[in-house]
Amino acid sequence: MGLTVPGERNTVSYAPESQEGWVATRLDFLVNWSRANSLWPMPFGTACCAIEFMATAASDFDLARFGMERMSFSPRQADVLICAGRVPFKLAPIIRRIWQQMPQPKWCISMGACASTGGMFDNYAVVQGIDTIIPVDVYVPGCPPRPEGLIYGIRMLQEKVMNERAADTRTRDEMEPDPESQLYIPPSVIDELGEPFGNSVHQTRSAP
Amino acid sequence: MTPFDVVDTGTGSPGPQPVTPRNLPHRGGEANPSARALEDKFGAAVVRVDVVWGETVVFVDPDSVKAVIRWLHDDASQQYDYLSDVTAVEYRDALVPIEVVWHLRSLPFRRFLRVKAQLPKGQPLEIDSVYDIYRGADWLERECYDMFGIRFNGHPDLRRILMWESYKEGFPLRKDFPLRGRFSRSEQLRQALAQNPEARYSMEELSIADAFAELPEDMRERLNKGERTGE
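Quick note, the sequences are listed as chains A and B, same order.
Take the first sequence: its position 113, counted from the start at 1, is 113 in the numbering used here, and no numbers get skipped.
Take the second sequence: its position 211, counted from the start at 1, is 1211 in the numbering used here, and no numbers get skipped.
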């Protein structure tokens, strides 16, 4: 999936000579356009990815170009959770609670290898990908990703927002975790995804 | 001289200026004078003295560790006034005992001393706390307990510090602990999500919360406004 040039359906028809003072557009487009260009991020920075995130927000790369200059340190005023860095198990209930405190519509960017998969920390203390705790919209690879990488991820998220339909309320429903295990995805899937790979296969593990 | 007398260590101090030691031998070399003083004072309680890369390691009988450290702290000729670390070492060999390590520093005498006590495996890992001597040992000993499961007798609030309170998998830095933990990933995640992030207060903090209604009016008002007492 890559970035595409917006097609004809997303253009605003505006001819000042014939329709002075009038703009005709689709409501979906207008709502999505304003949402996509005013995403307020909730930064959840736990490691070196947060340094790159700060660099992205600073003047050289300038997140303000995308309407994101206002960091929302309160989840209640945030639109997109940017998890930058590894999440240990001790932080798992905290990031879950922050996500649940954010009002709809909301999105999540998993920034960097550790947030997306656990990265090199295939050990007892680190969550193997935050998608096991909260739903994720965009994964940004890298260790840490360069600011260009994060901006690419943000542009992808903006494209996703632009393609949403107001009539489709499914995407706006709050996901409820399984009441017994408090997980969004089945435990067997988490176990399968968390299997060791690479050097980790030589590690010992007792029975579950 | 009392322990609180200031020993002048500036440019006007009588001793030589400190220099970075070079070409140190791996083993041997000049030992910290405190090691000889300990041998004279405690005799058989001092098991062995090693000098490794110019740093002196004193192996002490586990039962007399507290007396040794108290003497090093209190005695005017030693004045080890700073405890920089408490940690432990476990070796892969099942016959080699677990070592508890104290890093002591004497700021007035510019001395560094490493004290070790050996705890044989297969017995309960218990040793005296030095919390009475150094308040800074509080969190260091809690971390050592959290990671190695060594119980420090006399510590006022010995509970986990890095892992959460309800962590059930054991002590992560022990050699028999699998790197990826004992439980499956989903079970680890389920237990982690079941923890209550707000249940991390010490007994002292909890007793303050319990006694909140009994506090004087003005103190309750100040606490309600968000004022914090010193931590």
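Think of the hints as simulated: they come from the structure by calculation, not from any bench.
Among the clues, some could well be false.
[Said to hold, decoys possible] Once the Cα atoms are required to be at most 20 Å apart in a straight line, the calculated EDC-like pairs of lysine to aspartate or glutamate come out as:
id: 1; chain 1: A; residue 1: Lys90; chain 2: B; residue 2: Glu1099
id: 2; chain 1: B; residue 1: Lys1175; chain 2: B; residue 2: Glu1099
id: 3; chain 1: A; residue 1: Lys90; chain 2: B; residue 2: Glu1187
Just pull the numbers of the violated hints for me, sorted ascending.
1
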